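Peer 1: All chains should be built: construct the whole structure from the sequences, respecting the hints.
Protein chains: 2
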Amino acid sequence: MGRIYVLGIGPGDIDMMTIRAKKILDECDIIVGYKAYTELIRDHFRDKEFFENGMRGEMDRCEKCVELAREGRTVGLICSGDAGVYGMASPLMEVAEREGFSDIEVIPGVTAALSGSAVLGAPLSNDFCVISLSDLLTPWEVIEKRLRAAADGDFAVAIYNPSSKGRPQHLKRACDILMEKLPGDRPCGYVRNIGRSGCAKKICTLAELVHEETDMFVTVFIGNSRTKVWGDRLVTPRGYIL
Amino acid sequence: MGRIYVLGIGPGDIDMMTIRAKKILDECDIIVGYKAYTELIRDHFRDKEFFENGMRGEMDRCEKCVELAREGRTVGLICSGDAGVYGMASPLMEVAEREGFSDIEVIPGVTAALSGSAVLGAPLSNDFCVISLSDLLTPWEVIEKRLRAAADGDFAVAIYNPSSKGRPQHLKRACDILMEKLPGDRPCGYVRNIGRSGCAKKICTLAELVHEETDMFVTVFIGNSRTKVWGDRLVTPRGYIL
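Going down the list, the protein sequences come from chains A and B.
Counting along the first sequence from 1, when you hit position 150 you're at 150 in the working numbering, and nothing is skipped either side.
Counting along the second sequence from 1, when you hit position 71 you're at 71 in the working numbering, and nothing is skipped either side.
Derived by calculation from the structure, the hints in this document are not laboratory data.
No experiment lies behind these values; they were computed from the predicted model shown.
We treat Cβ as the ideally placed atom computed from N, Cα and C, and that holds for glycine.
Among the clues, some could well be false.
Among the chain B residues that face chain A by a calculated CB cut under 10 Å, a handful are [stated by the list, open to error]:
#1 V6
#2 D13
#3 R98
#4 I131
#5 S132
Here are some chain B residues the structure puts well away from chain A; computed CB gaps all over 12 Å [as the list claims (entries may be wrong)]:
#6 G2
#7 Y34
#8 K165
#9 N193
Peer 2: Here it is, written out as C-alpha cells:
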C-alpha cells in the first residue's frame with residue numbers, strides 16, 4: 001500500500017515551495033493536480049509521471065490518488081498555496097474517510113494570505129481572518145455573516161477569490177457590507193499573480209476597492225483600525241513604536 | 001547601502017523553510033534573530049556571522065538591521081513561522097519608517113496555523129481566523145472582542161500564544177468566552193513543538209480544552225460548526241461529499 005502526500009506548493013515559483021515539499025515530490029512515483037498548477041512545476045520534475053485534470057475535478061483527483069496509493073504507489077497531490085487552506089487536504093480526507101484509506105501526510109505551504117502580505121508590506125502582522133468570496137461550497141449568507149464578524153472584531157482580512165466570471169460583483173458586494181461598519185478610507189491593497197510573472201500590487205482605500213477589477217488570481221487585503229500606508233507599503237503596526 | 005531581508009523560516013526544521021529563504025540566507029552577510037530561532041538553523045549556516053538577542057529584544061534587533069544595512073551589508077532577519085504573522089516584518093517597518101530606510105524585502109514562511117493544521121488534519125480548510133492570546137501589545141478587551149466575533153462568524157480559529165508563565169489562565173478564559181456562543185462538544189485540537197523534536201498533537205472538545213496545559217510552544221485549533229473528528233484527524237469538510 002502506498003502513501004498519499006498532499007502538498008502546498010506556495011504561490012507558483014518553485015523556489016516558494018518548502019525544501020521538504022521539493023524533496024517529497026522528487027521521491028513520489030506520480031504527481032497529481034489541477035493542470036494550471038502542474039504546469040507551474042512540470043519543468044522541475046521532467047522524469048515524473050503526472051495525472052492532471054481541470055477545474056472542478058477535485059473529487060476525481062482525490063479518488064485517483066486513493067486508487068494509485070492502493071496499487072502501491074507513492075502519490076504527491078499538489079495544491080497552490082497551502083495544502084489545507086481552500087486546498088486539497090480536506091477533500092482528500094473526505095474521500096479517504098469514505099474509502100477507508102488513511103496513509104496521508106499533509107505538507108503545508110505558503111498560502112496567498114502570507115505571500116500576498118509579503119508583497120504589500122505587513123498587513124497581517126496581528127490577528128486576522130481569511131475569507132473566500134466563492135459561494136460554490138459556502139452559502140453567500142454565511143460569507144456575509146463572516147464579513148460582518150470580521151469587521152466587528154477589527155480583524156485585518158485577506159480575501160480569496162474576490163471575483164470571477166460567474167460572480168463579477170462579489171468583491172463590490174463584500175466592500176459594501178464592510179463599509180456598513182468600517183470607514184471608506186480604511187487602507188486596503190491587493191496583489192495579482194503573486195510569485196508569478198505579471199505580479200502586481202496596488203494600495204487603495206476600501207471605498208476605492210469597490211471600483212477595482214479583480215479576478216481569481218487576485219488576493220485582497222483589508223486593513224484593521226491600526227493599518228497604515230507608509231510609502232508603497234501597507235503595514236499594520238503591532239504597537240512597538242507607532 | 002545594503003538590503004534587509006525579513007524571512008519566515010517556518011516551524012523550525014530547516015526543511016520547512018522555502019527554497020528561496022534558504023538561498024537568500026546563503027547569500028546574506030549576517031543573520032539576525034531571537035536566539036531561540038537562530039539556534040534552530042545555525043548548524044546549516046556555519047560560516048555565517050550571527051547577531052542574536054533575547055526575548056523582547058525586537059526593537060534592538062530591528063535597529064541593528066538598519067545599522068548593518070547602512071554599512072552596506074546584506075542582512076537576513078529571521079522569524080519563526082511567517083515573516084508577517086506576529087513576525088518581524090511589521091516592527092522592522094516601524095523602525096525603518098522612523099529611520100527613513102526602505103530597502104526591505106519580505107520572504108514569507110509557513111506560519112503555525114498552517115503547519116499545525118497539517119499535523120492535525122485539515123481544520124482550516126475553509127474561512128478561518130488567527131488570534132493571539134498574548135496581551136503584551138493588544139489589550140485583553142480587544143482579544144475578547146475578537147474571540148466573540150470569531151464565534152459569531154462561525155470561523156475555525158487558530159490560537160497562538162495560548163498561555164505562558166505570566167498568563168497561565170488565558171486559554172481557559174478564551175475557552176470560557178467561546179463557550180458563551182459555541183457548544184462544549186465542538187471539536188478542537190492542539191499541537192506542541194510543531195516541526196521540532198517533541199512534536200505532539202491532541203484532539204479534544206472545547207469543554208475539555210479548558211483543562212489542558214499549554215504554553216508558548218502550543219498552537220490551538222477550534223473547529224467551526226462543520227468540523228469533524230475522523231480517526232486521529234481534525235477535518236473541516238468543505239462540502240464536496242460530507
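Peer 1: Work down the list of hints and note, for each, if the structure agrees.
Peer 2: These are the hints, each one checked on the structure:
1. V6: holds (9 Å)
2. D13: holds (8 Å)
3. R98: holds (6 Å)
4. I131: holds (5 Å)
5. S132: holds (6 Å)
6. G2: The claim stands: G2 (chain B) keeps its Cβ more than 12 Å from every Cβ of chain A (closest is about 18 Å).
7. Y34: Y34 (chain B) clear of chain A: closest Cβ-Cβ about 14 Å, beyond 12 Å.
8. K165: holds (21 Å)
9. N193: holds (15 Å)
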